[in-house]
Amino acid sequence: MAAGTFHSVAYAQLRTLWSERGQREPDLLGNKHYFVTPLLPRDRRTTDVLDVTSEIEWAKARRIPPEAYAGRAEELGRTPPMSPSTIARIYRDYEDKKVEKRTVDFDDLLDQCARALRGDRAFGDAQRWRFRHLYVDEFQDVNPLQFTLLAAWLGGSDDLCVVGDPDQAIYGWNGADADHLNRFDTHFPGATLVDLRQNYRSTPQVLRTAAAALRGRTPMEANRPSGPSPTVTVHADDRAEAAAVARKVRDTRGSDGSWSRQAVLVRTNAQADVIVGALREADIPVRTRTGSSVFDRPDVKGALGSLSHSSRPLTDHLGDLRSDAGDDLSDDEATPRNAERAAAFAHLRTLADEYLSIEPSGTASGFEGWVRGQVRAAYDDSDDAVDVATFHAAKGLEWEAVHVAGLEQGLVPIAHAREPADLAEERRLLYVALSRAEIGLHLSWAQQRTFGERTSKRRPSFWLEDIEHAISNLDKPFEQAEQARRASMARERVQKPAGLPDHPVVEELRTWRLDQARAADIEAYKVFSDVTLASLVAVWPTSPDDLQRVAGIGPIKADRFGDDLLAILGRHERPATAAPPASAPRAKAPAVDPDDLDPELVEALRAWRLEHTDGKPAYTVFSNATMHELAAARPTTTDELLAISGIGPAKAERFGDELLAFLAEQG
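Note that our numbering gives residue 571 to position 70 of the sequence shown, counting from 1, and the numbers run on in steps of one.
Keep in mind that the hints were calculated from the coordinates and are not lab data. From a predicted model like this one, the values you see are computed outputs, not experimental measurements. It cannot be assumed that every hint is accurate.
Stated by the list, open to error - Result set (DSSO-like, lysine-lysine): computed pairs, CA atoms no more than 27 Å apart in a straight line:
#: 1; residue 1: K1058; residue 2: K1027
#: 2; residue 1: K749; residue 2: K896
#: 3; residue 1: K749; residue 2: K958
Unchecked claim - Pair by pair, the computed Cβ-Cβ distance ranges are:
#: 4; residue 1: E576; residue 2: R716; range: 24 to 34 Å
#: 5; residue 1: V664; residue 2: A569; range: 29 to 39 Å
#: 6; residue 1: P786; residue 2: G657; range: 48 to 58 Å
#: 7; residue 1: D621; residue 2: T693; range: 30 to 40 Å
#: 8; residue 1: G870; residue 2: T1114; range: 46 to 56 Å
#: 9; residue 1: K1027; residue 2: T1139; range: 45 to 55 Å
#: 10; residue 1: A569; residue 2: D884; range: 31 to 41 Å
#: 11; residue 1: G755; residue 2: V1032; range: 27 to 37 Å
#: 12; residue 1: T956; residue 2: D544; range: 27 to 37 Å
#: 13; residue 1: R698; residue 2: A783; range: 36 to 46 Å
#: 14; residue 1: D1060; residue 2: S973; range: 19 to 29 Å
C-beta: ideal position from N, C-alpha, C; glycine also.
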């Protein structure tokens, strides 16, 4: 029996073919960055090579040739780092360069093997006779290119057995397509499908809780006896959360003194450092799932050393994190040593991109310190140690007790996941993390988290509500608990407050609510119900303090949605049916005629507003009415700024100093 990955088996078969034909083997390109980097515009080589390479890999996994890339990318909603036509050109040039250099990449191994099996009858028959029975594990992670090779291996045979779990399909971003598993009987008519509902890993409590991440999914049947209920805790900040996790790990330590039966799982590598630090401070051995060999290289150490004393932004140093140190790559440098060097620096650039995604203004020295923490974690590799791993790295593993930290919006789901397919994959990723536990499952989140040099307020993941509901109903049969959950949802959906006016503000609030719900992959009523909508219109808040008086809006929702809601209300006249607020609102400023304003100042304010959107609609910074009032009043102090309609304490604190300085510069 032979076992291997798609790539290793394909490579072995191709080497047999090349040997039989007396052909010289092509060079194997270990890292695409070497060929891709020179094809990019010079000013984009340090910033976009990783993303462009990933886009090429995605296209090849989907069997999309360069000439079809632009159309397919638009059709599938891709957001490449450059225009689709530019990516297509780079992709085409990359393919041409490989031919010129007699080089193949790992994706080519799969494609060329499939072509050889179909095009060379003797070779195909020999390989199919040798491998007559095929078994594929983790079938939900197979991509279209691998599926094509599998079909070529089969050659029309039906001697195939696969195993997979569509709820663990978490590599769609990399080209995997769970449709191959979900529609297996369509791809292979007459196939026997066996639904494996028995779970031998986890307790019923863990399975119920994990299934809640998939929103109402029926949990698998546990063969383990009942265990403790999972826990959910909230902490003041990430350091307090990490310290609490360390205490819980110590309290959960097995009677035999073993540490290795526990793991702490986080969504991103950036969260691991504070967890590792807290465990070490508690004298608990730690093992991470990241290797350290990259950081043993003298060239990588040198690049990091050059950053350690620099207070300049990391973005100014990205050129130092290139394997060619800023020099053009020549054609005669394609050696294994240079490929290894390119791979090492590509990994370093990946870490830099991750660091900048959470700390856009991070300094070079801050990044160097953060990486040093990652290295320290990687070197602690005791056999008996608590594992710290990302959700992705935990797939396929299991522990007696699992601690899942950082269940916050922006992390779970990850901030850049906005499309329905991406959000569905994030749900499955959370399910994978929760289902790693055998007996103990402990979830947590922090109200404040520090990323590099920036500290921000945090909110619980929207999905935590379903999980907590499942935990609180573990004493009921699943069907009864699920029926109660659906009934509660239905009641909240159909609540119709009396006297809700027929007014444009109501329609805009409903549209905004739906957009927020879609972005978070939750039901609209969880943003706020119609009762809350009616209360908003009745109270008509004009400040963050007024928002606290709206039914259904507490501190967390006021913090998350307050600016948006106040901006929407600020764009409308108050309905005559709305009751005046209990406290006297700020006096409404006289209407400003835009024709009376300095047009250059208005355009300057419009540009300033656009620069501060942070990816959100421009009105969330301030509305046009507020912009016109700013141009008319030209405030010079914070008190004068607060007198502007649409500028409350929160916005004054966030933008005040910068906005006043900007207005002063305008003369």
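Comparing the hints with the structure gives:
Distance check on the hinted pair: K1058 and K1027 sit about 11 Å apart at the alpha-carbon level, within 27 Å; holds. Of the supplied pair hints, the one linking K749 and K896 holds, its CA atoms being roughly 23 Å apart against a limit of 27 Å. A C-alpha spacing of about 24 Å is found between K749 and K958, which places the hinted pair at or below 27 Å, so the restraint holds. The supplied range of 24 to 34 Å is met by E576 and R716, whose beta-carbon atoms lie about 28 Å from each other.
The hint said 29 to 39 Å for the Cβ distance between V664 and A569, and at roughly 32 Å that hint holds. Here the CB-CB span from P786 to G657 is close to 53 Å, well matched to the stated 48 to 58 Å. Taking 30 to 40 Å as the suggested C-beta distance range, the pair D621 and T693 conforms, at roughly 32 Å. In this structure the supplied range 46 to 56 Å is violated for G870 paired with T1114, their Cβ-Cβ distance being about 31 Å.
Between K1027 and T1139 the beta carbon distance is about 36 Å. The supplied range of 45 to 55 Å is therefore violated. At about 50 Å, the CB distance of A569 to D884 disagrees with the hint of 31 to 41 Å. At about 49 Å, the CB distance of G755 to V1032 disagrees with the hint of 27 to 37 Å. Our hint of 27 to 37 Å for T956 and D544 holds, since their Cβ atoms are close to 33 Å apart.
Taking 36 to 46 Å as the suggested C-beta distance range, the pair R698 and A783 conforms, at roughly 40 Å. For D1060 and S973, the Cβ-Cβ distance of about 25 Å falls inside the hinted range of 19 to 29 Å, so the restraint holds.
Hint compliance for this structure: hints 8, 9, 10, 11 are not met, and every other hint is.
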